[in-house]
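These protein sequence lines map, in sequence, to chains L and H. Residue 85 in our numbering sits at position 85 of the first sequence, with consecutive numbering throughout. Residue 121 in our numbering sits at position 18 of the second sequence, with consecutive numbering throughout.
Hint data in this document are derived by calculation from the structure and do not stem from the laboratory. The structure presented is a predicted model; accordingly, all values stated were derived computationally and were not measured. Keep in mind that the hints are not guaranteed to be accurate.
Label-pair ranges, simulated between beta-carbon atoms [unchecked claim]:
no. : chain 1 : residue 1 : chain 2 : residue 2 : range
1   : H       : R159      : L       : Q97       : 27 to 37 Å
2   : H       : A279      : L       : G83       : 44 to 54 Å
3   : L       : N39       : H       : L351      : 42 to 52 Å
4   : L       : H35       : H       : A264      : 24 to 34 Å
5   : L       : N39       : H       : A133      : 51 to 61 Å
6   : L       : A26       : H       : T321      : 45 to 55 Å
7   : L       : H35       : H       : C151      : 35 to 45 Å
Partner residues aside, some chain H positions facing chain L, computed with beta carbon under 10 Å [as the list claims (entries may be wrong)]:
no. : residue
8   : N200
9   : E201
10  : E233
11  : L236
12  : Q244
13  : Q307
14  : E327
The beta carbon of each residue, even a glycine, is placed where N, CA and C say it ideally should be.
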Amino acid sequence: MLTAAAAAWAWSAYGQDAPLALTLKAHKFMPAEIHVKANEPSMIVLTNGDDTPEEFDSTSLKVEKVVAGHSDGNVRLRPLAPGRYPFMGEYHSETAQGVVIAE
Amino acid sequence: MLASLLIVFREVIEAGLIVGIVLAATQGVARRSLWVTSGVGAGVLGACLVAAFAERLASLFEGSGQELFNAAILLTAVAMLTWHNVWMAGHGRQIANEMRRVGAEVSAGERTLLALAIVVGVAVLREGSEVVLFLYGIAAQGGLSAGAMLGGGALGLAAGAGVSALMYYGLLAIPAHRLFAVTAWLITLLAAGMASQAVLFLQQGGYFEFLTATVWDTSWLLPESGIAGRLLHTLVGYSDAPNGAQLLVYATTIATMNVLMRTVNGRKPAPTAVPDTAV
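Only chain L is shown next, with the shape it has when bound in the complex (with noise of 0.2 Å):
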């Protein structure tokens, strides 16, 4: 989407990394496994390819996104302690899960 696109472009710009992609399919998130510097904000984007909405849900990472389907949503992450911080699809729990390890 080109707000989504516009966003990641302002981000990189503002002298941050680029963002990460993961994409959710047959929910399931790909990959399942992101890896971040530790200490530092990073942002994922998160294109939807399943027909229906999902929301990504993290307590630890604390952050609620909703991202309709076929579509893309941005996903600030603050500067994380090194350690591992699970994240789910909350509608589709059982299948929809990762983890962001920041080292």
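Following the hints, put chain H in place on chain L, whose structure we already have.
Chain H in isolation, oriented as in the chain L frame:
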């Protein structure tokens, strides 16, 4: 089925606890059921609208529409809760006295009901839109499991409503002359929690990005994902890893609310200025 029960239960409880507090805070005020029911009804309607336009909403403001919308409705609720508390600081004693004297509902509190109906409305709207999106997804997939999932959702709704009713009747067990003091504090903490949650949404949207470092982490002790952590999150805005801006706004909200309430209470004639403990 269990998954849908849990999701619906979780969202209903979050909105339901707020409704429970509002009902307790308006104990004795005439026509409050009408106002609260209207708030819930408008919230459900709004939730369907938000869910239907989720994609359009999200794409606004360079992809930060959803975060700005959430922050805006939370801050609206904070403003309305403040209005209610300040108004009650001036009139609460009078309402409690009248209740005791005539043992009937008083009409003086009706003005503040609009504020609280809006609070109930936005609470239902926020949590409800997630339920609607989730149920829409189930319905869109169809299949044999859809019936079981919807059944689970209905059970979740009933269970959530049950817990909210417990909250309400628990509050009513508090003696009448103390009830408004307790609900005033509950509403203050509720507002502070909502304000700090709004900060988080603004930061998520790429705004208001100062003091973003996590101040402490108590997720090992009381994780926000657990039942107790979640309840505390809804009621008093508990966060297991708050950032500096959130704490600042939390404290500022409590301080502002207290100063405003004290100012209004101070303007009243002597009898109303007597501390609660003396009643």
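Against the structure, the hints:
no., hint, verdict
1, H:R159 - L:Q97: 27 to 37 Å, "holds (29 Å)"
2, H:A279 - L:G83: 44 to 54 Å, "holds (50 Å)"
3, L:N39 - H:L351: 42 to 52 Å, "violated (21 Å)"
4, L:H35 - H:A264: 24 to 34 Å, "violated (43 Å)"
5, L:N39 - H:A133: 51 to 61 Å, "holds (56 Å)"
6, L:A26 - H:T321: 45 to 55 Å, "violated (36 Å)"
7, L:H35 - H:C151: 35 to 45 Å, "holds (39 Å)"
8, N200, "violated (44 Å)"
9, E201, "violated (43 Å)"
10, E233, "holds (7 Å)"
11, L236, "holds (5 Å)"
12, Q244, "holds (7 Å)"
13, Q307, "holds (5 Å)"
14, E327, "holds (5 Å)"
Hint compliance for this structure: hints 3, 4, 6, 8, 9 are not met, and every other hint is.
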